[in-house]
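**Student:** Given the coordinates of chain A, assemble chain B onto it according to the supplied hints.
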Amino acid sequence: MDFAWMGWTTPTAIFFATIAALILAMFIWELIVPGGGPRKGILGLHTTRGDRLFISLLSSAWLCLAWLGLVPLPLWWALVACAALAALIFWLC
Amino acid sequence: MKSWNNRAWLLVLPVLVLVAFSAVIPLMTVVNYSVQDSFGNNEFFWVGTEWFQEVLASERFHNALLRNLLFSGIVLAIEIPLGIAIALCMPTRGIGVSFCLVLMALPLLIPWNVVGTIWQIFGRVDIGLLGHWLNAAGVEFNYTSDVTDAWITIVLMDVWHWTSLVVLLCYSALVAIPEAYYQAARIDGAGRWSIFRAIQLPRMKRVLIIAVLLRFMDSFMIYTEPFVLTGGGPGNATTFLSIDLVQMAVGQFDIGPAAAMSLIYFLIILALSWVFYTVMTRDDEQAQEGQR
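One line per chain: the protein sequences are A and B, in this order. Read in order, the letters of the first sequence correspond to residues 1 to 93 in the working numbering. Read in order, the letters of the second sequence correspond to residues 1 to 292 in the working numbering.
Looking at chain A on its own, in the form it has when it is part of the complex:
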């Protein structure tokens, strides 16, 4: 099968592999500690681990877009900020 029409690049392949790895890690985490770890976080929302991953990914995407539009620094710094934001979400939300 020819997938040339999909226009794959190494960075986008790494991006999707990372997301797949995250989902796999969540799956393994669920097998080890079942139940999803539900709790009421700082925003007053009831979240499970899956919710917290979704919020982390969505806010990371928005953070990167805001960085691109507003901050003149390279996007690598946004990636560091995204990791910090995700850690914060998993800790507080």
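Treat the hints as calculated values from the structure; they're not laboratory data. None of the values given here were measured: they were computed from a predicted structure. Just so you know, even glycine gets a beta-carbon here, dropped at the ideal spot from N, CA and C. Please note that a few of the clues may not be correct.
[What the hints assert, rightly or not] Restraint-style ranges between C-beta atoms, simulated for each label pair:
| hint | chain 1 | residue 1 | chain 2 | residue 2 | range |
| --- | --- | --- | --- | --- | --- |
| 1 | B | Tyr-223 | A | Ala-81 | 45 to 55 Å |
| 2 | B | Gln-53 | A | Ala-4 | 22 to 32 Å |
| 3 | A | His-46 | B | His-132 | 23 to 33 Å |
| 4 | A | Ile-42 | B | Tyr-223 | 33 to 43 Å |
| 5 | B | His-132 | A | Pro-72 | 56 to 66 Å |
| 6 | B | Tyr-223 | A | Gly-69 | 35 to 45 Å |
| 7 | A | Glu-30 | B | Leu-10 | 13 to 23 Å |
| 8 | B | Trp-193 | A | Val-71 | 21 to 31 Å |
| 9 | A | Pro-38 | B | Lys-205 | 14 to 24 Å |
| 10 | A | His-46 | B | Gly-94 | 41 to 51 Å |
| 11 | B | Arg-124 | A | Pro-38 | 55 to 65 Å |
| 12 | B | Leu-272 | A | His-46 | 19 to 29 Å |
| 13 | A | Gly-36 | B | Asp-218 | 24 to 34 Å |
| 14 | B | Gly-73 | A | Pro-38 | 27 to 37 Å |
[Said to hold, decoys possible] Simulated coverage check for chain B against chain A, where a stretch passes if three residues somewhere in it have a Cβ under 8 Å from a Cβ of chain A:
| hint | stretch |
| --- | --- |
| 15 | 48–62 |
| 16 | 268–279 |
[Said to hold, decoys possible] Coverage of chain A stretches by chain B, computed from C-beta distances (three or more under 8 Å per stretch; other residues unrestricted):
| hint | stretch |
| --- | --- |
| 17 | 11–25 |
| 18 | 59–73 |
**Tutor:** Only chain B this time, still in chain A's reference frame:
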């Protein structure tokens, strides 16, 4: 006792395969295109985040986004209260029920491009009932040249097409309310407004969440009807994000910027839908917490 069966995952497999082919693979392709430039023939050139920066700074994108937000706000503000009001007026027993349900379902059965064509003819000044009569009554109406008229026609068309969905959802919640609730309310001497506020509205809440979400997502992605009716005009007055996106991707063959724009568009819909859903289900969670 074994409380789950992992073989059930096999039953989910066909859906996963379908979603992979209809959503995941196209989404991956769009992400790949958004960081490259292409002149066709499967030849791509890496440009990084250039298209995202271009789209984020583009006035054309800002204007289309504002139009879309305005349109979704207007149709939600009209369709939700109107849908509730019509559902409350519908009969709950007798032959009128079937008649009303069929009547309400009719606009939903008409294909979107046909709806656009119906309103295109309906609003025409020379042969359309609406356009001709309004002009005969002394109201200057021409949706092809006047921005306000074009917006009024598109909003009217959407309200005509989709209010029925809200009506049917609300009606399904209303008929599920046990008669005992109304009897208790009557014994307490509750008026029409009190019954609506204390019984009917809380019972409709869940379906209203679905209605608001569906109508928001659908109105934010609207394409066919305004494309057929006004083609995005007059000028760019009714060029919504989806119309702009198609013009960019198919009309100009700017696949890279179009992919970047569609990803931003996707993120907006995802974020707004999540916010809507979270805010609207928050009270339910608090109520469940109170019961515990």
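**Student:** A separate judgement is required for each hint: does it hold in the structure or not?
**Tutor:** Hints and how they fare:
no. : hint                               : verdict
1   : Tyr-223(B) x Ala-81(A): 45 to 55 Å : violated (35 Å)
2   : Gln-53(B) x Ala-4(A): 22 to 32 Å   : holds (27 Å)
3   : His-46(A) x His-132(B): 23 to 33 Å : violated (56 Å)
4   : Ile-42(A) x Tyr-223(B): 33 to 43 Å : holds (39 Å)
5   : His-132(B) x Pro-72(A): 56 to 66 Å : holds (57 Å)
6   : Tyr-223(B) x Gly-69(A): 35 to 45 Å : violated (26 Å)
7   : Glu-30(A) x Leu-10(B): 13 to 23 Å  : holds (19 Å)
8   : Trp-193(B) x Val-71(A): 21 to 31 Å : violated (52 Å)
9   : Pro-38(A) x Lys-205(B): 14 to 24 Å : holds (22 Å)
10  : His-46(A) x Gly-94(B): 41 to 51 Å  : holds (43 Å)
11  : Arg-124(B) x Pro-38(A): 55 to 65 Å : holds (57 Å)
12  : Leu-272(B) x His-46(A): 19 to 29 Å : holds (21 Å)
13  : Gly-36(A) x Asp-218(B): 24 to 34 Å : holds (31 Å)
14  : Gly-73(B) x Pro-38(A): 27 to 37 Å  : holds (34 Å)
15  : 48–62                              : holds (count 5)
16  : 268–279                            : holds (count 4)
17  : 11–25                              : holds (count 4)
18  : 59–73                              : holds (count 5)
In terms of the numbered hints stated before, the structure departs from hints 1, 3, 6, 8, listed from lowest to highest.
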